[in-house]
Amino acid sequence: MQLTSKAKPVDRRPMSIWEKMYIPAIAKGMGITFSHIFKKKATINYPEEKRPFSPVFRGLHILNRDEEGRENCTACGLCAVACPAEAITMDAAERLPGEEHLYREEKYAAKYEINMLRCIFCGLCEEACPKDAIYLTETFAPANYSRQSFIYGKDNLVIPHPKNDPEGFAKAKGLVEERKAKAKQEN
Amino acid sequence: MNTILLQVDWAFVLEKFLFIGFIISISLVIAMYTTYMERKVAAVMQDRRGPNRAGPFGLLQPMADGLKLFFKEEIIPAFSNKFLFILGPSLAMITAMLTSAVIPWGDKMEAFGRTISLQITDVNIGILYVFGVVSLGVYGIMIGAWASNNKFSLLGGLRAASQMISYELAMGLALIALIMYTGTPSLKEMVQLQQQGYWNVLIQPVGFLVFLVCAFAECNRTPFDLAEAENELIGGYTSEYSSMKLGFYLFAEYINMFISSAIIATLYFGGYDIPFVDESTLNVNLAAGLGALALFAKILFFIFVFMWVRWTIPRFRYDQLMNLGWKGLIPIALVNMLITAALILFLNK
Chain A
1 MQLTSKAKPV DRRPMSIWEK MYIPAIAKGM GITFSHIFKK KATINYPEEK
51 RPFSPVFRGL HILNRDEEGR ENCTACGLCA VACPAEAITM DAAERLPGEE
101 HLYREEKYAA KYEINMLRCI FCGLCEEACP KDAIYLTETF APANYSRQSF
151 IYGKDNLVIP HPKNDPEGFA KAKGLVEERK AKAKQEN
Chain B
1 MNTILLQVDW AFVLEKFLFI GFIISISLVI AMYTTYMERK VAAVMQDRRG
51 PNRAGPFGLL QPMADGLKLF FKEEIIPAFS NKFLFILGPS LAMITAMLTS
101 AVIPWGDKME AFGRTISLQI TDVNIGILYV FGVVSLGVYG IMIGAWASNN
151 KFSLLGGLRA ASQMISYELA MGLALIALIM YTGTPSLKEM VQLQQQGYWN
201 VLIQPVGFLV FLVCAFAECN RTPFDLAEAE NELIGGYTSE YSSMKLGFYL
251 FAEYINMFIS SAIIATLYFG GYDIPFVDES TLNVNLAAGL GALALFAKIL
301 FFIFVFMWVR WTIPRFRYDQ LMNLGWKGLI PIALVNMLIT AALILFLNK
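Read top to bottom, the protein sequences are chains A and B.
Under my numbering, the residue at position 58 of the first sequence is numbered 58, and the numbers go up by one with no gaps.
Under my numbering, the residue at position 43 of the second sequence is numbered 43, and the numbers go up by one with no gaps.
These are calculated hints, taken from the structure and not from any lab test.
Model, not experiment: these values are computed from the prediction.
There could be a bad hint or two in this list.
Within a straight-line C-alpha distance of at most 30 angstroms, the following computed DSS-like cross-link-like pairs (lysine-lysine) qualify [to be verified]: (1) B:K151 x B:K82; (2) A:K171 x A:K50; (3) B:K68 x A:K41; (4) A:K154 x A:K50; (5) A:K184 x A:K171; (6) B:K327 x A:K20; (7) A:K182 x A:K50; (8) B:K327 x A:K28; (9) A:K171 x A:K107.
Non-contacting residues of chain B with respect to chain A, defined by C-beta distances greater than 10 angstroms in every case (computed) [stated by the list, open to error]: (10) L14; (11) I30; (12) M32; (13) E38; (14) P77; (15) F131; (16) Y181; (17) I203; (18) R221; (19) T281; (20) V309; (21) I313; (22) I339; (23) I344.
No residue lacks a Cβ here, since even glycine has one placed at the ideal position from N, Cα and C.
Chain A on its own, in the form it takes in the complex (with noise of 0.2 angstroms):
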């Protein structure tokens, strides 16, 4: 029963002499490993170059502050819910009276911690975060020699003040290429 039009027949034919030989096969078969010393090569002298990421590419978490620095995650709790691995704990705190530059909102997170040994990178905390709080960004997750150093804390995940270092939290915010193609425009 032929289940398709595109079937071809196996080819069943005794070898020719020519075929027997091998030598005459191996000899064409060495001239294209040959040829391949000569083509460009498929790999990169990493880590002077680097192949570029997507922009959607699952990698360390950061969490975001806004224009005048003040931090966006609140401690709802809903990354840390929404996290398969339970990679995510946090302790919230109320923002005093004379903290308001530094919080946006009254509840805010005193200790934020993302293990990542634990995390798998899905991405599903960045989903469910309501206050546009926790992405994740292009680096890979770099090697440690202790299981407690893997636990990144608030001081490795939050980006930088944009009063502090406007090139830091810039970058952060992937605005540097807009930043340059502006200078490049006012120049």
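Start from chain A and add chain B according to the hints.
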């Protein structure tokens, strides 16, 4: 006693010892960089780059590999025969080095008022000596396989041994045809005949092909590397070996490859003869030096051919391998021998 000591030609003894040390160190260094060349050649044939991190262009990679093997733990299995376990790789290494004694590395040199021949010994049974020693190499594999106290190593070793023995026959038959033509098994005289006449590859092309295929089988190189193929038998006869004993086995294979290339170059491609150049018009030392360089260029080319074939052809299954050796190569070598004999009889009369 004093007269015996006086009668010994100490300069000769010293010269030979120095030359032996020189040749052994050259073989080891060349085998070391053959491992580097293998990885680089394999890489460029597969659109990759090969090792380029250890030292400039990765040239210190063999040192790194050697150091790694030194630092690994030496494991000797509990129920193995300790003496034989250590003897196996040692035998493989010894027989690999012994064959380099009769290869003519160059013509005569003149220095310090003596003629120094660039060949450690010129035995007049040159090729037979090489064959004898290569056959002893089988012992290294068999003893290592048996002493591992491991059924799979034993099977791998048996396969390797039977493969080497079968292909030695065809190699010997191809050589008989060559010796009939040159009239002498001495390697030095073969090279001198090729210097004056044509290279033997033009006179014995079929013999050369048979010899080349058998050389692949003797060195356990693809397509005949079933004995040590990683995917088939994990390690084959080298499964239980670690650290420097494994290093010896692997290194002995590369030295074997180097020596086989040297033998092929000497027998069929003129040895230290530079083609189209008449060496008698040059200074003796210069001619000898250039000849040695020419020989090394040919050896390098053949080592490249070994690797080129390795990364082109898939390996033979064991029964296909034995079929090829017994039912394919031996008849071809026999027919080659008969035709050579007939032609010699007709053309000399």
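Hint-by-hint comparison with the structure:
1. B:K151 x B:K82: Judged against 30 angstroms, a Cα distance of about 17 angstroms means the pair holds.
2. A:K171 x A:K50: holds, 18 angstroms
3. B:K68 x A:K41: holds, 28 angstroms
4. A:K154 x A:K50: With a Cα-Cα distance of about 28 angstroms, the restraint between K154 of chain A and K50 of chain A holds, given a limit of 30 angstroms.
5. A:K184 x A:K171: Holds, at about 17 angstroms.
6. B:K327 x A:K20: Measuring from Cα to Cα gives roughly 13 angstroms; hence the hint holds.
7. A:K182 x A:K50: Distance ~26 angstroms between K182 of chain A and K50 of chain A Cα, so the pair holds.
8. B:K327 x A:K28: Given that 30 angstroms is the threshold and the Cα spacing comes to 24 angstroms, the pair holds.
9. A:K171 x A:K107: holds, 27 angstroms
10. L14: Holds, because the least Cβ-Cβ distance between L14 of chain B and chain A comes to about 45 angstroms, which exceeds 10 angstroms.
11. I30: Non-interface label stands for I30 of chain B: nearest chain A Cβ at 22 angstroms, farther than 10 angstroms.
12. M32: holds, 23 angstroms
13. E38: holds, 14 angstroms
14. P77: Non-interface label stands for P77 of chain B: nearest chain A Cβ at 34 angstroms, farther than 10 angstroms.
15. F131: F131 of chain B is indeed farther than 10 angstroms from all Cβ atoms of chain A, at 25 angstroms.
16. Y181: holds, 22 angstroms
17. I203: holds, 19 angstroms
18. R221: Holds, because the least Cβ-Cβ distance between R221 of chain B and chain A comes to about 14 angstroms, which exceeds 10 angstroms.
19. T281: Non-interface label on T281 of chain B holds, nearest chain A Cβ at 36 angstroms vs cutoff 10 angstroms.
20. V309: At roughly 7 angstroms from the nearest Cβ of chain A, V309 of chain B sits no farther out than 10 angstroms, so the non-interface label is violated.
21. I313: Given that some Cβ of chain A is not farther than 10 angstroms from that of I313 of chain B, nearest at about 6 angstroms, it is violated.
22. I339: It holds; I339 of chain B is separated from chain A by about 17 angstroms at its closest Cβ, greater than 10 angstroms.
23. I344: holds, 26 angstroms
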